[in-house]
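Visitor: Here is what each chain is made of, one letter per residue.
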Amino acid sequence: MAMKIGEKPFFDRVDDALDDTFMRQSMADAQDGLRGKKIAATEGDEAIGDWEEWRNAGEEIRRHTLENLDYYLEQLSDNVAKRGGHVFFAETAEEANAYIQQVAQEKNAKNATKAKSMVTEEIGLNEALSDVGCQVHETDLAEYILQAEEDDRPSHIVVPSLHKNKSQIRDTLTEKAGYTGTDQPEELTAFARSQLRDVFMNADIGITGCNFGVAESGSVSLVTNEGNANMVTSYPETQISVMGMERLVPTWEELDVMVNLLSRSAVGQKITTYVTNVTPEVGSASVDGPKDFHLVIVDGGRSKALGTEFQSALHCIRCAACVNVCPVYRHVGGHAYGSIYQGPIGAVLSPILGGYEEYGELPYASSLCAACTEACPVKIPLHEQLIRHREIYVEEGYADKSEQAAMTAFGIGASTPSLFKIATKGVPTFAKPLVQDGSISNGLGPMKLWTKIREFPAPGHDNFRKWFKEHTKGGSRHE
Amino acid sequence: MKVSLFATCLGELFYQEAAKDMVEVLERLGCEIDFPRGQICCGQPAYNSGYRKDAQKAAKQMIATFESSDYIVTPSGSCAGMFKEYPRLFRDDAIWQERAQNVADKTYEFTQFIVNVLGVEELGAVYHAKATYHTSCHMMRLLKETGSPFKLLNNVEGLELLPLENSYDCCGFGGTFAVKMVPISEQMVDEKVRHVEETGADVLITADGGCLMNIKGRIDREGKPIAVKHIAQILNSRS
Chain Z
1 MAMKIGEKPF
11 FDRVDDALDD
21 TFMRQSMADA
31 QDGLRGKKIA
41 ATEGDEAIGD
51 WEEWRNAGEE
61 IRRHTLENLD
71 YYLEQLSDNV
81 AKRGGHVFFA
91 ETAEEANAYI
101 QQVAQEKNAK
111 NATKAKSMVT
121 EEIGLNEALS
131 DVGCQVHETD
141 LAEYILQAEE
151 DDRPSHIVVP
161 SLHKNKSQIR
171 DTLTEKAGYT
181 GTDQPEELTA
191 FARSQLRDVF
201 MNADIGITGC
211 NFGVAESGSV
221 SLVTNEGNAN
231 MVTSYPETQI
241 SVMGMERLVP
251 TWEELDVMVN
261 LLSRSAVGQK
271 ITTYVTNVTP
281 EVGSASVDGP
291 KDFHLVIVDG
301 GRSKALGTEF
311 QSALHCIRCA
321 ACVNVCPVYR
331 HVGGHAYGSI
341 YQGPIGAVLS
351 PILGGYEEYG
361 ELPYASSLCA
371 ACTEACPVKI
381 PLHEQLIRHR
391 EIYVEEGYAD
401 KSEQAAMTAF
411 GIGASTPSLF
421 KIATKGVPTF
431 AKPLVQDGSI
441 SNGLGPMKLW
451 TKIREFPAPG
461 HDNFRKWFKE
471 HTKGGSRHE
Chain U
1 MKVSLFATCL
11 GELFYQEAAK
21 DMVEVLERLG
31 CEIDFPRGQI
41 CCGQPAYNSG
51 YRKDAQKAAK
61 QMIATFESSD
71 YIVTPSGSCA
81 GMFKEYPRLF
91 RDDAIWQERA
101 QNVADKTYEF
111 TQFIVNVLGV
121 EELGAVYHAK
131 ATYHTSCHMM
141 RLLKETGSPF
151 KLLNNVEGLE
161 LLPLENSYDC
171 CGFGGTFAVK
181 MVPISEQMVD
191 EKVRHVEETG
201 ADVLITADGG
211 CLMNIKGRID
221 REGKPIAVKH
231 IAQILNSRS
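Here the protein sequences come in this chain order: Z and U. full-length UniProt numbering numbers the first residue of the first sequence as 1 and each following residue consecutively. full-length UniProt numbering numbers the first residue of the second sequence as 1 and each following residue consecutively.
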């Protein structure tokens, strides 16, 4: 499980996705619906002034934080420790899981509730805890549905069950959870709510991710719409928050900016229904909250990006604005990426965290249209990073040999005018046998892939250079 | 005003009519046009596929060819965008980076040059058709040029310009993406063609050779009765 989704090769996953007409319609509807909402809450919201200035501020805050990551991580962990919490730095997913397993075993925990968290998906925490006899109950509605389905995984980092419709959800809950009602969303939600009520009350441990750690106070900020994070963090005596090591802000002032950027970019909300901030006060009799608090900070390959061209990929606040405008994601959905991180940011992050062997094809699943870069609230140059991944993929020898040969030939051709001159003269003659009714339907060589679905233009018979020469001599106009 | 024409490889090989129209439109506006003969291709096929060294070879050829020009004008938003990428392509080579910046700074897409540099919006063009316009991604997002094509097209006599649904979505070209990711590219271009059909337009206009080749290729394969034209062809039309 963990970060990877499925075992099939990339193009098989793409074919599966393209066959799933329902899923594709949902993706298109979601993108089209979210576009207007996002515009209304960002550049269309006069109350917040210039959205571009917000993006600049977001970029600046993230850059500053990442450039001083050691400092702020230390400040965060010192403040958590001062308040009686425990901080564990995990270099790998295995280390993070082992620590959390140990905590669960010490508590003799049998049941844990969990708020939506991508980093716990990334490290495969549910399986790890199940291995030591502690069952993790997903409490975010979408994650609850996916967990009921047993082998289903998130297809969107903000809306995990975007690929499922209400009748599929009804079928899942009927089959797996004893649901007997209709496919009305309200009824389905009420069922999940009633089921989860007991689960919340009986949990031994509450687990959350972390949208932002606040370094100055040692707090964990959670941005949700369902309120489940409040339930997860207020019932059990033990709380474990798992944080990607880059997910923090210096102070509450920056948190304000980041939460605005996140909720407006993610779902077009000025603010989400809940922003839950947990500051441990272990040992204090006067306050609510956990008696035992653990913050697990996960590297998981992130530090490989520090100091490289990919450092700004760590600026990501997981809003999925790039996913929501990606024309490739629109057609293939999330699972085709084979990673829990999908869309443009997934194609950038997955190879960093999981390597080129596993995820090297993802950066090619983009037409480089740059809609992602334009949408990103913290201005990550996503399409440029996709190109950089491709460069490394080529440099490290993963690319196809025939493609390498073709590109070497291109480099020579595109820097030798005499060769290009021969080409402009020779191509029309050479291509002539292939041309029918003004275009080529069955190409040869690399053209073959093009003509699988489209006509290839017939090379023009006029030589432009010759025309231009005659034209400037005072000669021909063309029609 | 002296203008160097960068016809682009697609322009020279496939879309000579558009390149000729562009020459005639610019001449009518008083530009003195030259065609530097060392020009070939902006290098984008290699650059976008991750072959930086091969892309640099193409880029050096273009920089050497155009660096003494006053203005470089090209009938492709994407190729103009690539010229603007040159300084980043040579980020590890200060000397070439400076030469690249010099070329990037004086490069314009055709309509952008007419509207923003020449300050002209009315070309006296006449073209009788119902048409819609495809906004190419690189022109919109790398060059940040969105207004100029519309300013010029809105002044074409006889042209009824219809709005295109989801105009901001890519047509699925993406250079080598179109052949590396055929099944995905196919869905993208099909959605684009569907939206074009829904407008009821007889003609699709674009300012980019790559998008033109992709969308026209699909329209022709499917036998749809929609013509695809480069914007220069419309702007040079008089009937």
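Please note that the accuracy of each hint is not assured.
[To be verified] Derived DEER-like restraints, expressed as beta-carbon distance ranges:
1. Z:Asp183 - U:Glu157: 28 to 38 Å
2. Z:Thr182 - U:Gly223: 41 to 51 Å
3. Z:Pro433 - U:Tyr168: 35 to 45 Å
4. Z:Asp400 - U:Lys106: 34 to 44 Å
5. U:Lys106 - Z:Asp45: 55 to 65 Å
6. Z:Lys37 - U:Glu198: 51 to 61 Å
7. Z:Ile271 - U:Glu157: 48 to 58 Å
8. Z:Arg193 - U:Asn166: 50 to 60 Å
9. Z:Asp400 - U:Ala94: 50 to 60 Å
10. Z:Pro417 - U:Gly223: 36 to 46 Å
11. Z:Ala177 - U:Pro225: 34 to 44 Å
[Unchecked claim] Chain Z regions said to be covered by chain U (calculated; three or more residues, Cβ under 8 Å):
12. 224 to 237
13. 353 to 366
14. 370 to 378
15. 403 to 415
16. 420 to 429
17. 447 to 453
Calculated from the structure, these hints are not laboratory results. Each residue gets a CB set at the ideal place from its N, CA and C atoms; glycine is no exception.
Visitor: Okay, which hints does this one fail, numbers in order?
Guide: Violated hints: 1, 5, 6, 8, 9, 11 and 12; rest satisfied.
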